[in-house]
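The listed protein sequences correspond, in order, to chains A and B. So the number in my numbering is just where the residue sits in the first sequence, counting from 1, plus 28. So the number in my numbering is just where the residue sits in the second sequence, counting from 1, plus 201.
Any given hint could turn out to be false.
Unchecked claim - Covered stretches of chain B, going by a simulated chain A footprint (3 or more residues, C-beta under 8 Å):
id: 1; stretch: 208–220
id: 2; stretch: 271–281
Claimed, not checked - Sample of chain B residues with no beta-carbon within 10 Å of chain A, all distances over it, derived:
id: 3; residue: D227
id: 4; residue: M228
id: 5; residue: S234
id: 6; residue: P262
id: 7; residue: T303
Said to hold, decoys possible - Quick list of simulated restraints, FRET-style, between CB atoms:
id: 8; chain 1: A; residue 1: I39; chain 2: B; residue 2: D239; range: 25 to 31 Å
id: 9; chain 1: A; residue 1: R97; chain 2: B; residue 2: G217; range: 35 to 41 Å
id: 10; chain 1: A; residue 1: I88; chain 2: B; residue 2: T221; range: 29 to 35 Å
id: 11; chain 1: A; residue 1: D82; chain 2: B; residue 2: A283; range: 43 to 49 Å
id: 12; chain 1: B; residue 1: G204; chain 2: A; residue 2: H38; range: 38 to 44 Å
id: 13; chain 1: B; residue 1: V315; chain 2: A; residue 2: T140; range: 47 to 53 Å
id: 14; chain 1: A; residue 1: S100; chain 2: B; residue 2: V315; range: 29 to 35 Å
To be clear, the hints were calculated from the coordinates, so they are not data collected in a lab. Each residue gets a CB set at the ideal place from its N, CA and C atoms; glycine is no exception.
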Amino acid sequence: AQSVTQPDIHITVSEGASLELRCNYSYGATPYLFWYVQSPGQGLQLLLKYFSGDTLVQGIKGFEAEFKRSQSSFNLRKPSVHWSDAAEYFCAVASVGWGDYKLSFGAGTTVTVRA
Amino acid sequence: NAGVTQTPKFQVLKTGQSMTLQCAQDMNHEYMSWYRQDPGMGLRLIHYSVGAGITDQGEVPNGYNVSRSTTEDFPLRLLSAAPSQTSVYFCASSFQGNSGNTIYFGEGSWLTVV
C-alpha cells in the first residue's frame with residue numbers, strides 16, 4: 029500500500045527566506061506525486077504534480093519540487109517566501125494506471141511566516 | 202464551469218441523526234471520491250467510484266454509505282451520526298489525461314456532530 033510521510037509538523041520561516049518542505053513516500057512502482065496547499069477554512073489547491081519525465085517540477089506561486097527516486101522523496105521548495113504562503117501543505121501520492129486515482133496524503137506541514 | 206460543488210458547507214448534527222453530503226461535478230469525470238480531513242492526519246479516503254454504478258471502500262468507510270447513479274453526482278450518507286464523524290469532508294473528481302491524473306477537489310463541508 030502507498031503511504032506518505034511529512035516529517036515536519038510545523039515550520040516557521042522569515043519572509044523573504046527560502047522554504048523547503050520534506051515529503052517521503054512509499055510505493056512499489058512509479059508514483060504520481062502531488063503537493064497541495066490549504067489556507068485556513070479553505071479547500072485544497074494543487075501546487076504541482078509529478079507524473080513522469082523531468083524530475084524537477086515547476087508549480088504555481090513560485091514553488092518547485094524535485095522527485096528523487098533513490099531517496100523516495102518529493103521535497104517542495106520556494107526560494108523566497110511571502111507572507112501569503114502561510115498555510116498548511118500536503119504531499120500526496122497516487123498509484124499509476126487506469127481506474128486508479130486514489131490519493132494517500134501525508135499528515136501535513138503547517139508553515140508560519142514571520143515578518 | 203462550476204467544477205466540483207459540495208453542499209452544505211457547514212452542518213451541525215445531533216448524535217444518531219442521518220444526513221447526506223452532496224457532491225456534483227460538471228466535468229464528465231469518471232472518478233469521484235470522498236475524503237475526510239482530521240487534524241494531524243491529513244486526508245483519508247472514505248469511498249470512491251470509478252463510474253456510474255460502481256463504488257468501493259477506501260481507508261475509513263465505516264459509518265458512511267455512497268451511491269453513484271449518475272456520472273455527475275456522488276452523495277455521501279451518514280446513516281447514524283457519531284461525534285467521531287466530526288470532520289471536514291472533501292469530494293474530489295478526476296480523469297486520467299496525457300499528463301497523468303488531474304484531481305479536482307470541492308471546497309469542503311464542515312460537519313460537527315454533537
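Status of the hints after comparison with the structure:
1. 208–220: Three-residue rule not met by the stretch 208–220 of chain B, so violated; n is 0.
2. 271–281: Not satisfied, violated; 0 residues make the cut.
3. D227: 17 Å, holds
4. M228: 14 Å, holds
5. S234: Label violated. Min Cβ-Cβ 7 Å, cutoff 10 Å.
6. P262: 12 Å, holds
7. T303: 8 Å, violated
8. I39(A) with D239(B): 25 to 31 Å: About 21 Å separates the Cβ atoms of I39(A) and D239(B), which means 25 to 31 Å is violated.
9. R97(A) with G217(B): 35 to 41 Å: For R97(A) and G217(B) the Cβ distance comes to about 49 Å; the hint is violated.
10. I88(A) with T221(B): 29 to 35 Å: At 34 Å between Cβs, range holds.
11. D82(A) with A283(B): 43 to 49 Å: With a Cβ separation near 47 Å, D82(A) and A283(B) satisfy 43 to 49 Å, so the hint holds.
12. G204(B) with H38(A): 38 to 44 Å: 31 Å, violated
13. V315(B) with T140(A): 47 to 53 Å: 31 Å, violated
14. S100(A) with V315(B): 29 to 35 Å: 42 Å, violated
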